[in-house]
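Go ahead and model the full structure; you've got the sequences and the hints to work with.
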Amino acid sequence: MMANYLPPDVVARAQVLGLKARTVVEGLRVGDHKSPYRGFSVEFVQHREYVPGDDIRHIDWKSYGRSERYTIKQYEQETNFAGHILLDASRSMLYGDGATNKLEYAKVLAAVLAYLIVHQRDSVSLNVFDAGWRDRLPASGQVGHVQTILHTLESVEPREKTSIAPLLHDLASQVRRRGLVFLISDCFDDVESILVGLQHLRFQGHEVIVFHVLHPDEVDFPFNGMVKFDAMEERLELLTRPQLIRPAYLRAVQKYLDEIRKGCERNHCDYLLMNTGKPLAESLTAYLARRLKVRL
Amino acid sequence: MSFLTPFMLWGTLAAGIPIALHFFFRSRYRTVPWAAMKFLLTSIEQTSRRLRFQELLLLIVRCLVLALLALAFARPLTTLARGSGRGDAVDAVFLMDVSYSMGGRDGAKTRLERAQQAALKILEELPPHSTVQVVHCADRAELLGPQSPGNLDQAAQIINNVKLTSLATDLAPGAVEAASILERGQAANKELYVFSDMQKSGWERQAGPLKRTLESIKDKAAITLVRCGTRPVKNVAVVGIAPQSGVPRPGERVGFAVLLRNTGTEAVERLNISLTVNLDDKSTEVQAAPLIAPGETRAIPLTAKLEKPGLHVLTAKLQTDDLDGDNRFDQILLVREQVNVLVVDGGLSERDPKKSSSYYLMNALVPVKDSDKAKYYLQPRVVPPRLASPALLARQDLCILVNAAAQPDLKHRDALARDFLDELGRFVREGHGLIIFAGDQVQADAYNRLLGQKLGLLPLKIKGVVERAIKEPLLVNRDSFDLPAFLKFKTDEFYKEFNRVEAYQALELDESQAAAASRAGPSDPVQRAGPDGNQEASAAPARVVLRFQNGLPALAAKQVDAGEVLLVTTAADPGWKEDSPNPTWTDWPLRFVYVPFIDVAVAHLLHGQTQNHNLTAGETLRWYPSEKMTRSFTLVSPGGVRQRLGLPEKVGNRLVVTASDLPAAGVYRLVESLPADTTPAPIPVDDKTSGIPLAVTPDLRESDSLETFSDEQLDQRLGFSPAHVTAGAEAGALTLSDRLNREWTTWLLMAVFGLVVAEALLAWWCGRAW
Chain A
1 MMANYLPPDV VARAQVLGLK ARTVVEGLRV GDHKSPYRGF SVEFVQHREY
51 VPGDDIRHID WKSYGRSERY TIKQYEQETN FAGHILLDAS RSMLYGDGAT
101 NKLEYAKVLA AVLAYLIVHQ RDSVSLNVFD AGWRDRLPAS GQVGHVQTIL
151 HTLESVEPRE KTSIAPLLHD LASQVRRRGL VFLISDCFDD VESILVGLQH
201 LRFQGHEVIV FHVLHPDEVD FPFNGMVKFD AMEERLELLT RPQLIRPAYL
251 RAVQKYLDEI RKGCERNHCD YLLMNTGKPL AESLTAYLAR RLKVRL
Chain B
1001 MSFLTPFMLW GTLAAGIPIA LHFFFRSRYR TVPWAAMKFL LTSIEQTSRR
1051 LRFQELLLLI VRCLVLALLA LAFARPLTTL ARGSGRGDAV DAVFLMDVSY
1101 SMGGRDGAKT RLERAQQAAL KILEELPPHS TVQVVHCADR AELLGPQSPG
1151 NLDQAAQIIN NVKLTSLATD LAPGAVEAAS ILERGQAANK ELYVFSDMQK
1201 SGWERQAGPL KRTLESIKDK AAITLVRCGT RPVKNVAVVG IAPQSGVPRP
1251 GERVGFAVLL RNTGTEAVER LNISLTVNLD DKSTEVQAAP LIAPGETRAI
1301 PLTAKLEKPG LHVLTAKLQT DDLDGDNRFD QILLVREQVN VLVVDGGLSE
1351 RDPKKSSSYY LMNALVPVKD SDKAKYYLQP RVVPPRLASP ALLARQDLCI
1401 LVNAAAQPDL KHRDALARDF LDELGRFVRE GHGLIIFAGD QVQADAYNRL
1451 LGQKLGLLPL KIKGVVERAI KEPLLVNRDS FDLPAFLKFK TDEFYKEFNR
1501 VEAYQALELD ESQAAAASRA GPSDPVQRAG PDGNQEASAA PARVVLRFQN
1551 GLPALAAKQV DAGEVLLVTT AADPGWKEDS PNPTWTDWPL RFVYVPFIDV
1601 AVAHLLHGQT QNHNLTAGET LRWYPSEKMT RSFTLVSPGG VRQRLGLPEK
1651 VGNRLVVTAS DLPAAGVYRL VESLPADTTP APIPVDDKTS GIPLAVTPDL
1701 RESDSLETFS DEQLDQRLGF SPAHVTAGAE AGALTLSDRL NREWTTWLLM
1751 AVFGLVVAEA LLAWWCGRAW
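Chains as they are written, first to last, in this note's numbering: chain A, 1 to 296; chain B, 1001 to 1770.
Not one of these hints is a red herring.
Each computed DSSO-like pair below joins lysine-lysine, with the alpha-carbon atoms no more than 27 angstroms apart:
id, chain 1, residue 1, chain 2, residue 2
1, A, 262, B, 1038
2, B, 1411, B, 1461
3, A, 161, B, 1038
4, A, 278, B, 1038
5, A, 255, B, 1038
6, A, 228, B, 1038
Beyond 10 angstroms from chain A on every Cβ pair, some chain B residues (computed):
id, residue
7, 1064
8, 1120
9, 1152
10, 1283
11, 1286
12, 1298
13, 1413
14, 1454
15, 1620
16, 1647
17, 1705
18, 1707
In silico negatives: residues of chain B with every beta carbon more than 10 angstroms from chain A:
id, residue
19, 1005
20, 1089
21, 1113
22, 1265
23, 1269
24, 1272
25, 1291
26, 1296
27, 1396
28, 1477
29, 1482
30, 1543
31, 1755
32, 1760
No lab work stands behind these hints: they were computed from the structure.
As the structure is a computational prediction, the values presented were derived from the model and not from experiment.
Quick reminder that beta carbons are idealized off the backbone N, C-alpha and C, glycines included.
Here is the structure:
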């Protein structure tokens, strides 16, 4: 039986808000989103001087009558976008039990996003990674694509450690059309390199949204007593009394979060800290609402 | 360091508990798979050094808390000795030195008074339910009580009543007694207080046993040495009364030399010395003593008139120095109407008395005209050896053997009879004197065997005869005179003729025996006697009292029980030979110093016959009653205290009355009375006049050296450091504070409390998130 990656409450709330591309995306089909391509649509944008090769159907003859110069009317073209979901499936994402498990949380988030995008007639691709690409589904706006994505998500099993930056560069170089990039990860990698990767994506014109998935334990470090921490991505064990190092830990985490957040802001990426202790619907709808509001 | 409850020291093992817990809890952890290792590593890197330090600090503090707690429960003491802590009942033993040096003045009080004051203060400060036993000690120790050790009021009374003795200090018996009492004590906490002036002699007399005893005590009890008196004592002791004019006779004023010795460290002057006869102040003659330097002995001439024949008590008193105990010297003197002397002459020539060996001696004994000889007090009788019988000795006061053979042989047909020799042994032991002169008839082997080994009369073994040529004689060294009686020959220039006395033959004596005996130390003369009283060779040390200038003995002396023997190694006569005009033995009889020598020697031996009457404090009195009728004896002390001695006991073939309790100097009286069962009414006893007088002098060893040991010297001698307190106003407080400070429990518990607080703060501080 397939896991339920599309919780009705989340989907319902997210569906209301929808997901609008904040920046201009290059779509293949006419959709809800602004396109950088000036075409021949409804909303006039500007005139341009005719150059040979232009379709003479677009010549503005009224203008020619007034100025005896061939000009072409340009209209703003509304198009659909391609959303690229990057899902971190490294071993570090395994942390947490039940609903707070980071990977499960991330999977649900990815599924909801995919569903949302497809539902608003945009296309979405799924890219599962750890140290490299694990599963990749090309962008598609078919309703059945969601089902494919869900199957893919179900089959995801973490195996290796995270290495985000090279993959971001890889994605930036592969995807020419500007679109939306959703990075869903705990980002337990070198912050600088991640930010460089994000910068690369932004440079390619993508709108990047970083869903930083963290477990409450990783944020609050609520351990007491003698604890041996067994590293999930490497062979390392640390025996310590966490209550004694909590402040130092929290400082380190806070610094790390600040670095990521500020780096995202610097690169004009949306940054959303997804605490798995907090219901996804709440976190996601808050973000979508904010995003809608900003856009409006 | 010692502990009152040492088994609690096992508790220090609890110090390992925090360590064990540390490892235990380190082994009890839960494993958490963790993703954000990067931050964990960062935080651990930042905090690990501090955490490790904090953990170590906490661990040390916790271990320390437990260790100190166990240490506190073990109740450690600051001193090396065990002892009590605050508030615990104590079994205390007060060992009080009552030798007469404790009578030395130390400021306004005597040392004993300071000791009593300090003891009372310490007594007051003893914790509730403590017990006390008071032991006084000089050269012997006696437990004074209280009968109920917990009765501290009685103990205080006993301390107040402690009296000085005339004995010398020897702390060893006291320490043994104290050890025995402490052994019997029930309380866990024991304390020994030694109240003494810390006189060297008291610690040196039996240094080894004393050290061993105190070492054994220190394992069970806290030892506190309470120094009583810190100031040096100016002291001149009266060390003797020596008659200066032969044998005293009734009605004569007799010259005496009262011998004074400065035993202190400072010169003493302006002293008055008095001589009293029979404790009658009217007879007292007083003389001012000149300045006496430290260590100097001076003879102060004094006279006394002895009215009647019989025993007289001479008392020399000194007024006054810092130490009263040796300022009085009593001596019993026998004044005789007539002195009978038996001269046994082995070279007696009835045809020509001048050729007799005793010719010069007889003239020296009776240096008066022939017409006066019958009236002369000294009546010698000369007999050849063969006629010397035990009966002849019966009424003699003195016996002189002159050139007498001890055993008949081919060369010496006229020899002393065995029964006479046996009687002679008894005669001497009873207190009479014997002078032996050498001569041709003296056989070394027979003398050594009979008079030496058998009877113990010979001072030194005779090795042989030393012969010198006329031109190389043995010369007498008058500086070697070593008896108080002969002191004037040594100091008076009038007698320098002694240095010209020549001897051509002299007995060679074996001094090795005397040297060995003197190394072994003096022993009780009473104990030296055999069980039968007279048949065993005596082990008494002999002394050489005059030597020739080459060191050979000229005169040797030996105490034999109550009597004394003088052995003159040369002859009593020059030893004329028909074929030679020169003397063959000595020219001594030809010189004028011969007569005074004989006079003093005879006086000395006669004077020694009162030896039974003259004792030193601490000696055992052994009185041999001469009466055939059995009488009961009572000893009356100088203070008038009577001690019933009861009927004489038979020891060997003699009756003897024994009294061992003569601790105080002064004149005792031995009063005879018919036993109650033989007479309906006992003879009334008049203590002051009746009875046999006995003069007991202080044990002058005590004031020979008044040097004291410092605290450091005592520690060095003992090999450990007992507590030292100086008696005074602070003595009680000092011992109390010593007791308080001695136990560390309170301080340790306070330290534990402090550490616990520190641990709590530290744990809070370390547990804080940084």
